[in-house]
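Participant: In case you want the letters, here they are:
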Amino acid sequence: MKEIKFILNGKEVSVEADPLKRLLDVLREDEKMTGVKEGCGEGECGACAVLKDGVLVNSCMIPLGAAEGSEIVTPEGIRETDKGKCIIDAFGDAGAVQCGFCTPGMMMATEALLTINNKPNESEIREALSGNLCRCTGYDLIVKGVQIASERGKDLW
Amino acid sequence: MVDSYRPKDLKDALSIRAEYNPQPLAGGTDLMVRYQSWSGTLPLFTKSVMFVGHLKEMKYIKKEAKDKTVTLVIGGTATLTDVANNPDTPEVLKKAVLSIAAPALRNNATLTGNICNASPAGDSICALYALDAVIVIEKNGGSREVPIMEFITGPGRTVLGSDELVTAIKIPLKASSVNDFTKVGTRRANALSKLSFTGVADYKNGRIDSIALTFGAVGPTVVRSVELEKKLIGLSGSELKARIPKVIDDYSTVIVPIDDQRSTAVYRKKVALNLLEKYLKELSSHE
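Residue numbers (this note's numbering), protein chains in the order written: chain A, 1 to 157; chain B, 1 to 287.
Next comes chain A alone, as it looks inside the complex (with noise of 0.2 Å):
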């Protein structure tokens, strides 16, 4: 065991655990940030999408010694912000939810498209995706959901 400190949604926090419990665990056992969802728990689904020094990580693959320091955003991070508000109203408006356990993943994957490229094209949308899987929507109706984003918050990213 051993105190570990980052930056959570903008707030240092100090966390006493073994420097290998995943980010994932730590996220949401020790700091409820439930929003972090586990699916596959290898990399390969992007439910426990989080933002890590700014760029797209899989908590499940990252242990906790790895991000000592890191500043970590997680869903409950953007979700009150006006780009975090325009994902989530767009995401509604477009029904790109629907049992709903793919799409906190799925707005961090857009929050950091959108930061780096804020008017994508469809393939571009689909490309930053393609980390997150949906087993309910077949996509179409997610990245329609990226492009309301996109054109509503033009002046957001």
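No lab work stands behind these hints, which were simulated from the structure alone.
Please note: incorrect hints may appear among the correct ones.
Straight-line distance between alpha carbons at most 25 Å, and here's what the computed DSS-like set of lysine-lysine pairs gives [what the hints assert, rightly or not]: (1) B:K56 x A:K2; (2) B:K11 x A:K5; (3) B:K11 x A:K11; (4) A:K2 x B:K94; (5) A:K5 x B:K56; (6) B:K94 x A:K119.
Short derived list, chain B residues pointing at chain A, Cβ under 8 Å [claimed, not checked]: (7) S4; (8) Q36; (9) L228.
As the structure is a prediction and not an experimental result, all values here were calculated from the model.
Glycine is no exception: its CB is placed at the ideal position from the N, C-alpha and C atoms.
Let chain A serve as the given structure and place chain B on it in line with the hints.
Facilitator: Frame of chain A; chain B shown alone:
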């Protein structure tokens, strides 16, 4: 439960590696899956772990010029995304890296980790064999450079000593006008290769001046035959075109894949030779 170390810099990392021989962990995208346990429990590492992904002094990609040769040097903690975004990355390596998994994984995984994992299906490895990459290895009080074909000795096996770390990968930047990297997998994202192929070649005065042909996931390591490549040096495009059936015959003896959960030996061999034929036809039409 195993110990873990978080060195403050490379020097510290080399000392820890020499003293405790821990498993280095950069992005963790292979290791965290290999030692994965139940949800909510610790991964089951079998030996101590040393985090290295945060070591800033190895997070770089730079060009070095020496004796008319320009070399791309990729630091040990540069991620696959860093490699794909670098304007000097050779085309086949860029394509290989972008064929790996998906953005979130590439943001975290390192090129060095992909090499040290030494999977026969490692996509970057197939391209790096064709590019004559050299692995830079350091330990306390010494360093050495090993060509990638000698670095990897078998599936998951390398010549890396228990007190050593890979600190960089060097790629000589050579003229190469006809380039191909093709990966065959079950889907475009997040699929491990059934097989992969890399071809790089250049003509000088209408004759093949350099050529490298490599095949991933069709043997215990990436397959490259320098001997067979030598037979193609000096050919013109039309001479190559006439020789293609013979070249395919030659390669059918060195490509000896196996059946596993991802594909069959028959499929792998057939598709590998088809990709080779397609590349050679393309190459023969250039000169």
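Participant: Would you pick out the hints that fail for this structure and give their numbers low to high?
Facilitator: Failing hints, ascending: 3, 4, 9.
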